[in-house]
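Q: Counted from 1, the sequence shown has number 117 at position 117 by my numbering; the numbering is strictly sequential.
Please note that a few of the clues may not be correct.
[As the list claims (entries may be wrong)] Straight-line distance between alpha carbons at most 20 Å, and here's what the computed EDC-like set of lysine to aspartate or glutamate pairs gives:
id	residue 1	residue 2
1	Lys-321	Glu-412
2	Lys-88	Glu-412
3	Lys-50	Glu-110
Hint data in this document are derived by calculation from the structure and do not stem from the laboratory.
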Amino acid sequence: MKKILFLASIMAVMTACGQRTNPFSETWDTPYGTAPFSKIETRDYLPAFKAGIEAQRAEIQAIIDNPEAPDFENTVAAYDRSGELLSKVVGVFFNLTESESTPEMQAIEEEVMPLVTAAEDEIFMNEAFFARVKAVYEAQEGLTREQQMVTKKLYQAFVRNGVALDEAGKKRFSEINTRLASLSQKFGQNLLAENNAFKEAIGITVSEYPDFMSTCEDRSLREKAFKAYSARGNNGDAHDNNAIVLEILRLRAEQAELLGYPNFAAYQLSDKMAGAPETVDAFLQPIMDASMRKAREEIADMEALAGHKIEPWDWAYYAEKVRAQKYALDESQTKPYFQADSVLKGVFVAAEKVYGIRIEPAPEVEVYNPVVKTYRLSDGDGSLLGIFYADYYVRSTKRGGAWMNNFREEREGVRPIIVNVCNFPAPAPEQPSLLTVDNVQTAFHEFGHALHGFLTQCKYQSVSGTAVARDFVEMFSQFNENFAFQPEILSVYAKDYRTGEPIPAALVEKIRKALKFNQGFMTGELCAASILDMRWHELPLAELEKFRGPEDIRAFEAKVCAEMGLVDEIIPRYRTTYFNHIFNSGYSAGYYSYLWSEVLDVDAWEKFEAEGVFNPAIARSFRETFLERGGSEEPMTLFRSWRGADPDPAALLRARGLE
1 MKKILFLASI MAVMTACGQR TNPFSETWDT PYGTAPFSKI ETRDYLPAFK AGIEAQRAEI
61 QAIIDNPEAP DFENTVAAYD RSGELLSKVV GVFFNLTESE STPEMQAIEE EVMPLVTAAE
121 DEIFMNEAFF ARVKAVYEAQ EGLTREQQMV TKKLYQAFVR NGVALDEAGK KRFSEINTRL
181 ASLSQKFGQN LLAENNAFKE AIGITVSEYP DFMSTCEDRS LREKAFKAYS ARGNNGDAHD
241 NNAIVLEILR LRAEQAELLG YPNFAAYQLS DKMAGAPETV DAFLQPIMDA SMRKAREEIA
301 DMEALAGHKI EPWDWAYYAE KVRAQKYALD ESQTKPYFQA DSVLKGVFVA AEKVYGIRIE
361 PAPEVEVYNP VVKTYRLSDG DGSLLGIFYA DYYVRSTKRG GAWMNNFREE REGVRPIIVN
421 VCNFPAPAPE QPSLLTVDNV QTAFHEFGHA LHGFLTQCKY QSVSGTAVAR DFVEMFSQFN
481 ENFAFQPEIL SVYAKDYRTG EPIPAALVEK IRKALKFNQG FMTGELCAAS ILDMRWHELP
541 LAELEKFRGP EDIRAFEAKV CAEMGLVDEI IPRYRTTYFN HIFNSGYSAG YYSYLWSEVL
601 DVDAWEKFEA EGVFNPAIAR SFRETFLERG GSEEPMTLFR SWRGADPDPA ALLRARGLE
């Protein structure tokens with residue numbers, strides 16, 4: 001009764017007498033409980049955040065005050081259920097700050113981030129709450145495996161957030177968390193501004209850059225574009241990220257040292273599949289060596305065609321010409337068959353064919369931007385799997401890249417609401433959105449993440465869907481890419497938008513062969529970024545304190561690239577000042593996970609190929625073992641149970657043609 005009265009008072013704060021009701025305080029009487037975007041105003045967010053934080057604070061205190069002995073249900077499960085109001089506003093707000101960013105939203109974000117971070121620290125530094133969690137963790141008899149994993153994850157959250165530190169240590173750890181949240185948010189805002197400045201200077205968006213560099217005949221213009229692209233966040237202006245990067249790295253290293261780790265990478269990897277920086281380093285270097293051997297062959301081919309030395313701004317242009325020469329294939333041939341709406345249809349058909357689900361439009365679901373499309377996913381028995389938003393086209397308010405996120409997490413009795421966000425070229429009056437081969441793979445990739453979220457059948461949201469180790473989560477998105485160019489799927493979606501003619505089998509074969517083309521470059525730039533990420537986060541605080549500014553950052557990058565063996569004609573996929581994955585998106589000391597997960601996905605795909613790509617039995621076992629289980633079991637345990645062996649590291653090299 002006391003909790004009910006408290007929550008009622010919270011809601012009253014959000015609804016002043018005679019004024020409109022804050023939409024977040026209401027039960028959303030909308031189709032499937034989706035967000036009523038048209039009712040939400042920017043002024044609603046801050047009070048909703050504050051009310052959500054207060055409501056969860058009361059819920060945590062009720063757990064602590066419970067006179068009964070701590071057990072899974074009254075402590076761990078109670079926490080898993082807490083924070084519903086806060087999750088509601090977080091789900092909407094942070095999704096929109098990524099795709100509908102405005103100065104007003106950015107200002108709210110600056111105010112909200114310290115509040116959310118402090119509230120999280122308050123929970124995970126609460127010794128009384130930790131004592132109850134620890135009691136459950138140390139006496140797990142009778143718990144299901146999922147309950148054990150939920151308990152372990154919660155216990156580790158306390159330990160990794162410094163609950164065992166003394167008061168001074170806790171205070172400093174919390175201060176660092178608050179500052180890091182603000183710095184990461186500022187890094188992202190700066191990068192968005194830099195991306196928009198790039199468009200103003202060059203006349204194309206960052207997302208259009210790869211296609212532009214492969215087709216632009218003007219070498220001086222390619223050089224100008226390359227230099228502008230690779231200097232984002234590194235121009236000494238108001239949006240320069242150098243100082244932010246150094247402060248983030250130092251603060252992360254300090255936190256790691258507070259917890260007894262030699263560097264941030266050691267701390268970050270301690271609960272991942274890889275386990276330690278040394279494991280990741282030993283994994284990455286052979287891939288780099290193999291990719292550079294192939295890259296040197298690629299350079300020779302291009303220089304023979306170009307008649308001059310290849311510079312970084314020449315690579316994409318001459319690689320495209322070599323591909324046309326070797327495979328009689330270029331993007332102008334394939335794009336007419338990859339109209340964005342048709343590709344999305346192919347993504348859906350593949351999922352329906354493999355997993356026996358159904359995907360249909362849901363026009364009754366309100367959207368936050370007119371270009372967004374919505375769909376209802378249901379299982380073979382007709383039961384709801386979740387609601388999907390497809391936000392595909394580039395715009396100035398959207399950060400670069402592509403990603404999947406949840407508006408609402410899955411838990412027992414609640415199905416997820418998921419969005420895929422991409423930056424594909426927007427349709428024009430005279431032409432629809434036409435995608436490159438890489439864009440097509442991206443669409444399948446992000447929906448692979450979505451399927452991980454939709455097919456999960458966990459009881460507890462803390463382990464549902466994509467709530468798995470960072471170096472495991474990309475397995476399923478990358479695995480889903482394999483269906484993009486299967487003939488059975490292509491026949492459904494790859495049709496010339498002008499004539500309706502299906503893509504010729506000969507062109508499909510060219511695409512499949514060409515997928516292994518240019519892998520020295522493709523693998524090399526990805527691996528180089530992974531190694532750069534690791535080297536930054538393997539530095540102890542004492543070493544980071546020696547860096548003084550942009551010159552030191554550039555010198556460190558050059559040193560790392562030389563040591564890894566990266567050829568001069570290639571730069572890392574992301575340089576430090578625009579490496580959003582590691583400074584604003586949770587991949588710090590974790591960018592390697594794309595390659596790590598690729599070993600898993602390629603090994604799994606080899607089993608599919610051996611037993612039948614569309615074999616219902618193998619698809620069912622894959623779904624039940626991985627996609628439905630989420631984080632309810634250790635990743636390697638799941639993989640071994642399904643594959644019958646450890647993953648084969650050589651599978652990646654085979655798949656990329658780098659053996």
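Q: All hints, please: hold or fail.
A: Hints and how they fare:
{"no.": "1", "hint": "Lys-321 x Glu-412", "result": "violated, 53 Å"}
{"no.": "2", "hint": "Lys-88 x Glu-412", "result": "holds, 17 Å"}
{"no.": "3", "hint": "Lys-50 x Glu-110", "result": "holds, 14 Å"}
Comparing the model with each numbered hint stated earlier shows that hint 1 is the single one that does not hold.
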